[in-house]
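Participant: Could you slot chain B onto chain D? The hints should help.
Chains D and B supply the protein sequences, listed in that same order.
The numbers in my numbering rise by one with no breaks, and the one at position 129 of the first sequence is 129.
The numbers in my numbering rise by one with no breaks, and the one at position 82 of the second sequence is 309.
Bear in mind the hints are in silico, worked out from the structure with no lab data behind them.
Careful, some of the hints might be misleading.
Stated by the list, open to error - Result set (SDA-like, lysine to any residue): computed pairs, CA atoms no more than 20 Å apart in a straight line:
no.	chain 1	residue 1	chain 2	residue 2
1	B	K258	D	T14
2	B	K257	D	I2
3	B	K258	D	A7
4	B	K258	B	L306
5	B	K257	B	T293
6	B	K258	D	A10
7	B	K257	B	I308
8	B	K258	B	P321
9	B	K257	D	A8
10	B	K258	D	I2
11	B	K258	D	G6
12	B	K258	B	R310
13	B	K257	D	L5
14	B	K257	B	P321
15	B	K257	B	R314
16	B	K258	D	G175
17	B	K258	B	P319
18	B	K257	D	A10
19	B	K257	D	A7
20	B	K258	B	A320
21	B	K258	B	G282
22	B	K258	B	L309
23	B	K258	B	A303
24	B	K258	B	L244
25	B	K257	D	G6
26	B	K258	B	F270
27	B	K258	B	Y312
28	B	K257	B	V291
29	B	K257	D	P214
30	B	K258	D	I12
31	B	K258	D	A121
32	B	K257	B	A320
33	B	K257	B	L309
34	B	K258	D	R3
35	B	K257	D	T19
36	B	K258	D	A8
37	B	K258	D	L9
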Amino acid sequence: MIRVLGAALAAIITLLGLTLALWFAPATQVNLPQQVELNIDASGIAHPITAVLLNFRSYDTLLEVAVVLVAVVAGLALRERGPRVTPHERSADPMLQALTRRLLPLLVLTGVYVLWAGSYAPGGAFQAGALVAAAGVLARLAGYDIASRVDRLLRLGLALGFILFLTVAVSAMFGGRPFLNYPDEWAGSLIFLIEAVLTFSIGLTLLSLFVHAPGDASPQGGGDYGR
Amino acid sequence: MGVDLWYALVGAVIIALSVFAFISARHLMKKLLAFNMMGSGVFLIMVGLPQHQHGVDAVPQALVLTGIVVAVSATALALVILRRYVRSGGDPAP
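The shape of chain D in the complex, shown without the other chains (with noise of 0.2 Å):
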């Protein structure tokens, strides 16, 4: 009881000072959408959101491919040892196996088409590689253990978006311009390779940390606040 009117408390606190702290929140000095309209020729990209994701702002990009790639190994280093409980190879549901069959292609198409409007459009990397991550956990459920059976490719895959993108990187800083500076007339096709690669690592990505996660347990809940 205490425990519940506490929470009530801090988040009544919270309501407010955020309220306050919206209400008077100073005016912005930068005209961010202007700049980015000014600049946006020189980015290689004509789409303003991954213009800046892979050119103005690339150095988050950068740290949260390697945020994920963190994630991914500790997820791993996590795994159990011994022989996981594999599914069938096939699942014996017909309905599920004739849907996944269809939707699988599919899937994979709407993710490249969509990693390719990423640079004239809404889309990009990150998008495309969460419809990889789906289709791979689709076919997952449905039976195709296709993760487990390419182990040493998958390390590799989960690694490379981020190999990748920091190499391109550095090798600015070879030609004397500073890091994470594109060379102008190569721009826009640099940044195309670095999403196409960011696709495959993220939907792995998502894909390892769902597929190598622990197995089911018996379930221990009990209610919450009956106690």
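Facilitator: Only chain B this time, still in chain D's reference frame:
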């Protein structure tokens, strides 16, 4: 009150509700869900609020996109840790 402020206030309410759930819940899974919701509230404020001066702003949207990917993988890692903890005999609702 413009649409931007409305989005931001809804985000603030979501954050406050998830603070409540995060503290009051005992089950670790519920805590994780509440934490995730808190992140969604922050994203809503970040995307909604900057619209009011110069129109749709690509910079916060790109930052939120980054944040969503990090949040998804952090949640997945937390779920892996949680399941491992339960399997090695831990009580998920201490």
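Participant: Work down the list of hints and note, for each, if the structure agrees.
Facilitator: Now the hints, each set against the structure:
{"no.": "1", "hint": "K258/B x T14/D", "in the structure": "17 Å, holds"}
{"no.": "2", "hint": "K257/B x I2/D", "in the structure": "19 Å, holds"}
{"no.": "3", "hint": "K258/B x A7/D", "in the structure": "12 Å, holds"}
{"no.": "4", "hint": "K258/B x L306/B", "in the structure": "11 Å, holds"}
{"no.": "5", "hint": "K257/B x T293/B", "in the structure": "24 Å, violated"}
{"no.": "6", "hint": "K258/B x A10/D", "in the structure": "15 Å, holds"}
{"no.": "7", "hint": "K257/B x I308/B", "in the structure": "14 Å, holds"}
{"no.": "8", "hint": "K258/B x P321/B", "in the structure": "12 Å, holds"}
{"no.": "9", "hint": "K257/B x A8/D", "in the structure": "16 Å, holds"}
{"no.": "10", "hint": "K258/B x I2/D", "in the structure": "18 Å, holds"}
{"no.": "11", "hint": "K258/B x G6/D", "in the structure": "16 Å, holds"}
{"no.": "12", "hint": "K258/B x R310/B", "in the structure": "14 Å, holds"}
{"no.": "13", "hint": "K257/B x L5/D", "in the structure": "18 Å, holds"}
{"no.": "14", "hint": "K257/B x P321/B", "in the structure": "12 Å, holds"}
{"no.": "15", "hint": "K257/B x R314/B", "in the structure": "18 Å, holds"}
{"no.": "16", "hint": "K258/B x G175/D", "in the structure": "49 Å, violated"}
{"no.": "17", "hint": "K258/B x P319/B", "in the structure": "10 Å, holds"}
{"no.": "18", "hint": "K257/B x A10/D", "in the structure": "17 Å, holds"}
{"no.": "19", "hint": "K257/B x A7/D", "in the structure": "14 Å, holds"}
{"no.": "20", "hint": "K258/B x A320/B", "in the structure": "10 Å, holds"}
{"no.": "21", "hint": "K258/B x G282/B", "in the structure": "36 Å, violated"}
{"no.": "22", "hint": "K258/B x L309/B", "in the structure": "11 Å, holds"}
{"no.": "23", "hint": "K258/B x A303/B", "in the structure": "14 Å, holds"}
{"no.": "24", "hint": "K258/B x L244/B", "in the structure": "12 Å, holds"}
{"no.": "25", "hint": "K257/B x G6/D", "in the structure": "17 Å, holds"}
{"no.": "26", "hint": "K258/B x F270/B", "in the structure": "19 Å, holds"}
{"no.": "27", "hint": "K258/B x Y312/B", "in the structure": "15 Å, holds"}
{"no.": "28", "hint": "K257/B x V291/B", "in the structure": "23 Å, violated"}
{"no.": "29", "hint": "K257/B x P214/D", "in the structure": "19 Å, holds"}
{"no.": "30", "hint": "K258/B x I12/D", "in the structure": "18 Å, holds"}
{"no.": "31", "hint": "K258/B x A121/D", "in the structure": "36 Å, violated"}
{"no.": "32", "hint": "K257/B x A320/B", "in the structure": "9 Å, holds"}
{"no.": "33", "hint": "K257/B x L309/B", "in the structure": "11 Å, holds"}
{"no.": "34", "hint": "K258/B x R3/D", "in the structure": "14 Å, holds"}
{"no.": "35", "hint": "K257/B x T19/D", "in the structure": "25 Å, violated"}
{"no.": "36", "hint": "K258/B x A8/D", "in the structure": "15 Å, holds"}
{"no.": "37", "hint": "K258/B x L9/D", "in the structure": "17 Å, holds"}
Hint violations for this structure: numbers 5, 16, 21, 28, 31 and 35, all remaining hints satisfied.
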